[in-house]
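The residues making up each chain are set out below.
There are 4 protein chains.
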Amino acid sequence: MKVIVDLCVVPIGVGTSVSSYVAACSDVIEKAGLSSKLHAYGTNIEGDWDDVMAAVKRCHEVVHDMGAPRISTTLRVGTRTDRTQTMEDKVRSVEAKR
Amino acid sequence: MKVIVDLCVVPIGVGTSVSSYVAACSDVIEKAGLSSKLHAYGTNIEGDWDDVMAAVKRCHEVVHDMGAPRISTTLRVGTRTDRTQTMEDKVRSVEAKR
Amino acid sequence: MKVIVDLCVVPIGVGTSVSSYVAACSDVIEKAGLSSKLHAYGTNIEGDWDDVMAAVKRCHEVVHDMGAPRISTTLRVGTRTDRTQTMEDKVRSVEAKR
Amino acid sequence: MKVIVDLCVVPIGVGTSVSSYVAACSDVIEKAGLSSKLHAYGTNIEGDWDDVMAAVKRCHEVVHDMGAPRISTTLRVGTRTDRTQTMEDKVRSVEAKR
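Chains as they are written, first to last, in my numbering: chain E, 1 to 98; chain F, 1 to 98; chain L, 1 to 98; chain R, 1 to 98.
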């Protein structure tokens with residue numbers, strides 16, 4: 001099952017600057033060989049369900065290992081069986097309607 | 001790794017009534033033997049990361065099998081390494097401060 | 001416009017215990033006279049759009065005033081024009097399908 | 001109070017293609033004079049709290065007017081009092097750590 005997710009990892013208990021933790025998650029996603037795109041409030045990721053969710057789990061492990069005692073992540077998770085659609089398709093599809 | 005999630009599965013392309021799909025997800029979670037609690041805009045689930053995420057994947061599979069061509073799910077995912085905390089602990093902890 | 005939201009306020013930069021901030025938000029919502037129900041990963045609130053959103057804003061103001069320098073909130077926001085539906089209706093509707 | 005949000009509007013009961021509704025929301029945000037950036041699973045918006053939230057409400061009104069009987073939106077809402085930070089600052093801050 002193919003999935004497009006939007007991931008936002010929020011480490012708690014490590015002060016107000018969280019960018020180094022988000023950067024570590026970007027590394028995790030890249031090493032997993034997944035297509036992704038960072039934006040100002042999360043990261044779009046696309047791939048096979050199991051690969052994407054394994055990367056999300058690895059993000060939690062890595063952020064805890066970096067010293068964050070608590071993490072509150074939000075995920076949007078999109079799947080469809082009617083057709084295949086990439087992250088780029090979704091953006092292009094909206095822009096074409098404007 | 002222990003996790004508490006809040007899951008909200010939104011089937012798209014099956015009309016406005018989504019309760020039968022949410023009920024099917026409740027069955028999936030129960031059959032997985034996970035602690036959970038339904039509320040008006042999602043379901044709290046607690047358990048081992050892999051067990052909880054396997055149930056979330058199974059929800060997508062079941063909802064697609066029921067005929068939904070598209071699903072947009074939102075998940076909040078909480079982990080902590082400083083101490084163990086159940087869903088009930090979290091609610092009690094807030095109520096004790098009021 | 002009537003709305004049902006699910007609100008989860010995460011204060012950042014104040015350590016790992018966030019329950020006193022969540023309790024303060026519960027007070028804000030109650031003082032606003034809104035129907036609400038706390039769960040383990042957020043709070044369901046129902047009411048008129050403007051009243052609910054004013055309470056959400058007030059939560060941010062109060063949590064900042066308590067000393068949190070940064071807040072990352074997640075909201076699910078549901079509206080419908082086909083019929084009226086309360087928070088209790090939503091839960092009952094799912095349970096009736098099981 | 002300055003806010004950065006990530007908005008994802010999901011119309012329910014109008015079939016599987018939702019891009020025209022998302023495009024209409026992009027128009028609403030642009031007409032409101034707000035800085036924003038569309039991505040594959042939502043839209044980043046920055047501005048004054050009241051202006052941004054008025055645009056979110058207007059999106060619901062417009063999408064209902066287009067015929068969607070039900071909408072389930074997710075919002076991430078970030079505020080901070082320690083310093084000002086734009087959407088571009090957030091992305092740059094993460095990329096600088098990699």
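Some hints here could point you the wrong way.
Copies of the same chain are indistinguishable here, so a pair counts whether it falls within one copy or spans any two.
[Unchecked claim] Cut-off 25 Å, straight-line C-alpha distance, at most; resulting in silico cross-link-like pairs (SDA-like, lysine to any residue): (1) K57 - G47; (2) K2 - D65; (3) K37 - A96; (4) K97 - E30; (5) K37 - A24; (6) K2 - R98; (7) K2 - M66; (8) K97 - D50; (9) K97 - D48; (10) K97 - W49; (11) K2 - G67; (12) K2 - D27.
No lab work stands behind these hints: they were computed from the structure.
So which hints don't hold here, by number, going up? Result: hints 6, 8, 9 and 10 break, sorted rising.
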